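K.L.:
For reference, the chains in residue letters:
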Amino acid sequence: MDTHVEMEDAILGALRSGAGPLVVDLAEVSFLDSSGIRALLHGREAAIGRGTTLTVRSPQPIVANVLRLTNVAGLLGLSSS
Amino acid sequence: MTPAAVPAAWRDAVAELVEAGHRTGPAELAELVSAAAAKPAATISVYLTDYQQRTLHPLSEGAAELVNGSPAGLAFTTLRTVRADGPALRFWVPIVNGTERLGVVLAGFDDGADPASELAGCRLFAGMIGHLITAKSQYGDHLERVRRSRPMTPAADLLWSLLPPLTFATPEAIVTAILEPCYEVGGDAFDYSVDGPIVRLAVYDAVGKGMRAALTTATTLGAVRTTRRTGGDLESLAGAADRAIRGEFDDARFVTAVLADLDLRDGRLRYVNAGHPAPVLFRHGAAAETLDQGRRPPLGVEPGSYQPAELRFRPGDRLLLYTDGVTEARDVSGTQFGLDRLVALAEDVSQEDLPAPETLRALAHTVVDRQAGPPRDDATLVLVEWSAAAADRAVP
Numbered sequence: 001m002d003t004h005v006e007m008e009d010a011i012l013g014a015l016r017s018g019a020g021p022l023v024v025d026l027a028e029v030s031f032l033d034s035s036g037i038r039a040l041l042h043g044r045e046a047a048i049g050r051g052t053t054l055t056v057r058s059p060q061p062i063v064a065n066v067l068r069l070t071n072v073a074g075l076l077g078l079s080s081s
Numbered sequence: 001m002t003p004a005a006v007p008a009a010w011r012d013a014v015a016e017l018v019e020a021g022h023r024t025g026p027a028e029l030a031e032l033v034s035a036a037a038a039k040p041a042a043t044i045s046v047y048l049t050d051y052q053q054r055t056l057h058p059l060s061e062g063a064a065e066l067v068n069g070s071p072a073g074l075a076f077t078t079l080r081t082v083r084a085d086g087p088a089l090r091f092w093v094p095i096v097n098g099t100e101r102l103g104v105v106l107a108g109f110d111d112g113a114d115p116a117s118e119l120a121g122c123r124l125f126a127g128m129i130g131h132l133i134t135a136k137s138q139y140g141d142h143l144e145r146v147r148r149s150r151p152m153t154p155a156a157d158l159l160w161s162l163l164p165p166l167t168f169a170t171p172e173a174i175v176t177a178i179l180e181p182c183y184e185v186g187g188d189a190f191d192y193s194v195d196g197p198i199v200r201l202a203v204y205d206a207v208g209k210g211m212r213a214a215l216t217t218a219t220t221l222g223a224v225r226t227t228r229r230t231g232g233d234l235e236s237l238a239g240a241a242d243r244a245i246r247g248e249f250d251d252a253r254f255v256t257a258v259l260a261d262l263d264l265r266d267g268r269l270r271y272v273n274a275g276h277p278a279p280v281l282f283r284h285g286a287a288a289e290t291l292d293q294g295r296r297p298p299l300g301v302e303p304g305s306y307q308p309a310e311l312r313f314r315p316g317d318r319l320l321l322y323t324d325g326v327t328e329a330r331d332v333s334g335t336q337f338g339l340d341r342l343v344a345l346a347e348d349v350s351q352e353d354l355p356a357p358e359t360l361r362a363l364a365h366t367v368v369d370r371q372a373g374p375p376r377d378d379a380t381l382v383l384v385e386w387s388a389a390a391a392d393r394a395v396p
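Chains as they are written, first to last, in the numbering used here: chain A, 1 to 81; chain B, 1 to 396.
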């Protein structure tokens, strides 16, 4: 259930080891709730803090829809409409 | 129909509630009520609704009554006086504080009494009991203990202490809300203020669960309220929440929300939708519009530039705000409740001319009862009706 914690740790770990810009591929993600969105936004803020960026790509339609309804699609580099 | 005159003995009884009530604590309230009711030679037992509005618990001795299917419950849900079962002259009379439904009293009169005038007195008496229950519950835990069918989580206890009463009505409008699961809520909340013709509404859903979510919500409620109380506009309220959340937490947590201001002088409704499911406007009993403009990211996330949206609320309109715990509740087959079903149900229930809080109770319980297993998320519903008739129905 708490895969968002793993994702968050992976993102923050990658940033700490100097990676970036990061692109999170969501193609295999079939469910994203607000905790998952928070993990992505946290990663994005950490990336910006290190002078780099974090975006997502290839979300399944249901996940893209959640990101749009929550109005964070644009922040994560997706088109917001 | 002219209501019967209130007999003098009942006026004395109400006066005694006021006088003796000054030095009465929550645990002595039942005793105070019994003593005062002796003046008009009536017996009065007080029952309080539990948080879920499913059971009416006696304040002193006696068995609990279920809200669904009992005469006591009928009095509670319809806000009407209902004759109790059995040959004795006994009635269930609703107790409200303002329009907040608190419970019922079981009132018994002598065989020779005139029910119309006794009930007129008893309704006045029950009105005073409603005020006393509300005033006294802050001073001890007794009334809270009666209202809880089981213990609350610490997060739920904190959250309930931050919420306004579930229902408030003015002569022309009514606001009512419901929150589930009552004893385990964490991140959901609603808020309102009604000052003259200005109704300010909010519904919140914080990321996560339990105490972490409740703390996020508490931070948001505090920031928004203090700004609201200095007269801040919608953008200021949202901005205060952004700063408070970002200042307090560094893990990118956020709160989805709808903040709305309704001006009942001209029906102007302005709102901001911060990443939240769009509220639904019902006109002539049917869904007419969703509030999906005025969009910005959730509270706590940098907002970028956005404009509050505006629409015209008309007399008779209803606005239903909800959180995703309602529409995403799953049944045994894993199917979500869904917005279509919520809208259809709201249209159905609104035809029954129930008191608004009862409409919402029926909606919420349909969602909860259909759900398989314990709820995964908090579910909140807030209903606003601009209607003198609806406001009337919320008064016994």
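Treat the hints with care, as some may be off.
In silico negatives: residues of chain A with every beta carbon more than 10 Å from chain B [unchecked claim]: (1) Thr3; (2) Ser34; (3) Glu45; (4) Pro61; (5) Thr70.
Here are the computed lysine to any residue pairs in the SDA-like style, where the Cα-Cα straight-line distance is at most 20 Å [said to hold, decoys possible]: (6) B:Lys209 with A:Leu76; (7) B:Lys209 with A:Phe31; (8) B:Lys209 with A:His42.
Far from chain B, by Cβ distances over 12 Å, these chain A residues were calculated [what the hints assert, rightly or not]: (9) Glu6; (10) Glu8; (11) Arg16; (12) Ala19; (13) Leu22; (14) Val23; (15) Ala27; (16) Gly36; (17) Gly43; (18) Arg44; (19) Ala64; (20) Val72; (21) Ser79; (22) Ser80.
FYI, nobody ran anything at the bench for these hints, they're computed from the structure. Remember, it's a predicted structure, so these values are computed and weren't measured experimentally. Every residue, glycine too, gets a C-beta built ideally from N, C-alpha and C.
K.L.:
Hint by hint, say whether it matches the structure.
P.N.:
Status of the hints after comparison with the structure:
no., hint, in the structure
1, Thr3, "14 Å, holds"
2, Ser34, "4 Å, violated"
3, Glu45, "5 Å, violated"
4, Pro61, "16 Å, holds"
5, Thr70, "4 Å, violated"
6, B:Lys209 with A:Leu76, "24 Å, violated"
7, B:Lys209 with A:Phe31, "17 Å, holds"
8, B:Lys209 with A:His42, "18 Å, holds"
9, Glu6, "15 Å, holds"
10, Glu8, "9 Å, violated"
11, Arg16, "15 Å, holds"
12, Ala19, "19 Å, holds"
13, Leu22, "15 Å, holds"
14, Val23, "18 Å, holds"
15, Ala27, "23 Å, holds"
16, Gly36, "10 Å, violated"
17, Gly43, "8 Å, violated"
18, Arg44, "8 Å, violated"
19, Ala64, "15 Å, holds"
20, Val72, "5 Å, violated"
21, Ser79, "14 Å, holds"
22, Ser80, "9 Å, violated"
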